[in-house]
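Enquirer: If you read the sequences in order, they're chains A and B.
Going left to right, the first sequence walks through residues 1 to 360 as UniProt numbering numbers them.
Going left to right, the second sequence walks through residues 1 to 360 as UniProt numbering numbers them.
Hint data in this document are derived by calculation from the structure and do not stem from the laboratory.
Hints may contain errors.
[Stated by the list, open to error] A few chain B residues facing chain A, derived, Cβ under 10 Å: (1) Asp-230; (2) Leu-264; (3) Ala-272; (4) Ala-274; (5) Leu-281; (6) Glu-286; (7) Glu-292.
[Claimed, not checked] What follows is a set of in silico ranges between Cβ atoms, one per label pair, in the way DEER data are often shown: (8) A:Arg-85 <-> B:Thr-225: 51 to 61 Å; (9) B:Asp-198 <-> A:Arg-295: 42 to 52 Å; (10) A:Lys-211 <-> B:Pro-83: 51 to 61 Å; (11) A:Ala-63 <-> B:Pro-275: 51 to 61 Å.
Since the model is a prediction, treat every value here as computed from it, not as a measurement.
Idealized CB from N, CA, C, for every residue including glycine.
Residues per chain, in single letters:
Number of protein chains: 2
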Amino acid sequence: MSHDPGQGPESFPRTISATAHPSLAVAKYWGKQTGAINTAATPSVAITLGAIAARTTLTVDCASEGDQPCRDQVVLNGVSQDPRRFRPFFDAVREVITLNCPHQDGGSDQAGECLFFTVRSDNDFPTAAGLASSAAGFAALAASALTATLGERPPEEISRLARIGSGSACRSVYGGFTRWDAGAPAAEQLYPETWWPDLRVVVLPVSSAEKPLSSRDAMNRTRDTSPFYDAWVADAPSLAGETREAIAQRDLERLGQTARLSYLRMFSTMFAAAPPIMYWLPQSLEIIRGLEELRRMGLPVWETMDAGPQVKVITDAAHARQVAEEFRDLLVSPAIISEVGPGVTVGTASDRTVSGGDHA
Amino acid sequence: MSHDPGQGPESFPRTISATAHPSLAVAKYWGKQTGAINTAATPSVAITLGAIAARTTLTVDCASEGDQPCRDQVVLNGVSQDPRRFRPFFDAVREVITLNCPHQDGGSDQAGECLFFTVRSDNDFPTAAGLASSAAGFAALAASALTATLGERPPEEISRLARIGSGSACRSVYGGFTRWDAGAPAAEQLYPETWWPDLRVVVLPVSSAEKPLSSRDAMNRTRDTSPFYDAWVADAPSLAGETREAIAQRDLERLGQTARLSYLRMFSTMFAAAPPIMYWLPQSLEIIRGLEELRRMGLPVWETMDAGPQVKVITDAAHARQVAEEFRDLLVSPAIISEVGPGVTVGTASDRTVSGGDHA
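Model the full assembly from the supplied sequences, consistent with the hints where possible.
Expert: Written as structure tokens, this is what we have:
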């Protein structure tokens, strides 16, 4: 690592970059616990998708005398973001820094409070893919912010911080297969990306329209109005347990069937909300019914979906291409075929640190 | 009435016909209570659809010495039916007759036991319409069987008997607006067919394929495997109450919104079952999303669905034709536009008895 947190203010500004991959839940997170920022009401189990990534370049600098305390700036895929969206996250970063680097003179100044961040983040996958880009983005952001200020940190700390930005970002910190338990402050790795080389996820984007309702608003309405929400929360741990077992046994059929139960139960809680929340499009259902037909023909293909109309298919290396071809006419951008991917990486190509790449 | 139950066996065979209309639930019945034949786990509220009907001609005769006790025959839309499907129903008819007409000589022979039935029933609507034809059919069958043997009977008794054949048939006995409460042996009329002259239901058939799973099997799987079933049963009474209020106030928007909540919650219990039960087709969802768009434009259109892919739209007289036109390209048979219809009628055109047509 070229960055030494003990260098003092004269070493600013510092720039660092990070790359992270989306986390696709096969046992779904849907609903937050109250009383903490982005802790989950349900345990989730996810796969990190190697084929696509968010790349972040972060510059950290010391504020000058008289600066606004918070002049953080984020440009996402070329578009300046509302700083309020990022305020809780950067405040959490400043708090972590302060906790880890109390000011040397012991005064009331706090090390983190004088820092601000300038961030540029880009995804190499279309927003239409419906893959929580914020998950990969905040994982990369948390890794780069901590590394730039405190040097290399344990993945658990990066995961905990990423979670403040976006719940599922805490899983994107790790490669391979991850779990994030209900109420847990951070995710953990279950198995590294080498665990199941034959596994493939095929992402099928059927719409590029913006979501009618954000996941955050949809989760809140579901919790507040769906008569099925409590049963969903009560049922999720058993499904998550079955999903972990399916991954432990590399049992594709069991993984696929469990993933179907999980996403359909998640969507059922939304259909049952008042007013109902409906992300599915006719094309989504055409793929869902088409996959049913392929399964009847013996193909190992099972779908999952997230808060949006896109369909993601869990299959193996031998069938991924066929799935992509089968539904080509329904897609608004090309299918993405992904292997299981690595965790967040920090630094340039010549100065790269891998966090969370090991079997926990 | 030309049929006097006191005429004795020499008056057999007797033939009588009846006509009944489908019952479309706006607050859904989904799930049976255990311990009794076809009593509902949830209260339902329904509209009798006047535009379409099942017509039944029933002949009742005395069995000769040595006949099989049960040689009942049913031909439905020209197709001979499996007598086992009808056995519990005809046995219930015989039991009612026996209870009402104890044999005159006081011996062990029982009046109903020697009777058997030959039935021909035809629907004037395509099976593709996805309108429980069995509901209208069993309402007509119960009315004709009781009238042929016991003379005119109260609609409550016809409703109770129709229920043995098919749960929702107990509502089809009455015209207008009906309720069938959880655990109740019969339905009741809420308002007669004259209550809301402006109301229309547009039936949009999108598939003529047979259902992949019968309602009966789907209800059982839902009850046994859906983690949301108990919450559905617990929530349904409040929705049914709101639906009754909407009808009492002839409030179309409230009726429409409540009907949407009810069918979506019903389907959610099925999506959540293991394995998931999915009756929707892409075309169903195309109509559901299309109606959303029409509502945004200010049109009073709300959908409901039953165990199948067809969509039924609740609207008013001024917009029914437009709804039928809007989705014409998606339909496998013409849209059916229906007013609120009457209860079951018994007899020929020259000899007609109306049962259950009054405001209860």
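Enquirer: It remains to establish, for every hint, whether it holds in the given structure.
Expert: Cross-check of the supplied hints:
Given hint, Asp-230 (chain B) at the interface with chain A, holds; its Cβ is 7 Å from that chain's nearest Cβ, closer than 10 Å. The criterion of a C-beta within 10 Å of any C-beta in chain A is met by Leu-264 (chain B), whose closest approach is roughly 5 Å, and the hint holds. Hint on Ala-272 (chain B) holds. Least Cβ distance to chain A is approximately 4 Å, under the 10 Å limit. The interface hint given for Ala-274 (chain B) is met, as the beta carbon of that residue sits about 6 Å from the closest beta carbon of chain A, less than 10 Å.
Of the supplied interface hints, the one on Leu-281 (chain B) holds, with its beta-carbon coming within about 7 Å of a beta-carbon of chain A, less than 10 Å. For Glu-286 (chain B), the interface hint holds, the least distance from its beta-carbon to any beta-carbon of chain A being 4 Å, beneath 10 Å. Residue-level restraint check for Glu-292 (chain B) holds (minimum Cβ-Cβ distance to chain A is 8 Å; threshold 10 Å). Under the hint 51 to 61 Å, the C-beta atoms of Arg-85 (chain A) and Thr-225 (chain B), about 40 Å apart, miss the expected range.
Range check, Asp-198 (chain B) to Arg-295 (chain A): Cβ separation about 47 Å, and the 42 to 52 Å hint holds. Take Lys-211 (chain A) and Pro-83 (chain B): their Cβ atoms lie about 54 Å apart, and the range 51 to 61 Å holds. Remark: the range hint 51 to 61 Å for Ala-63 (chain A) to Pro-275 (chain B) is upheld by a beta-carbon distance near 58 Å.
The structure fails hint 8 only (numbered hints given earlier).
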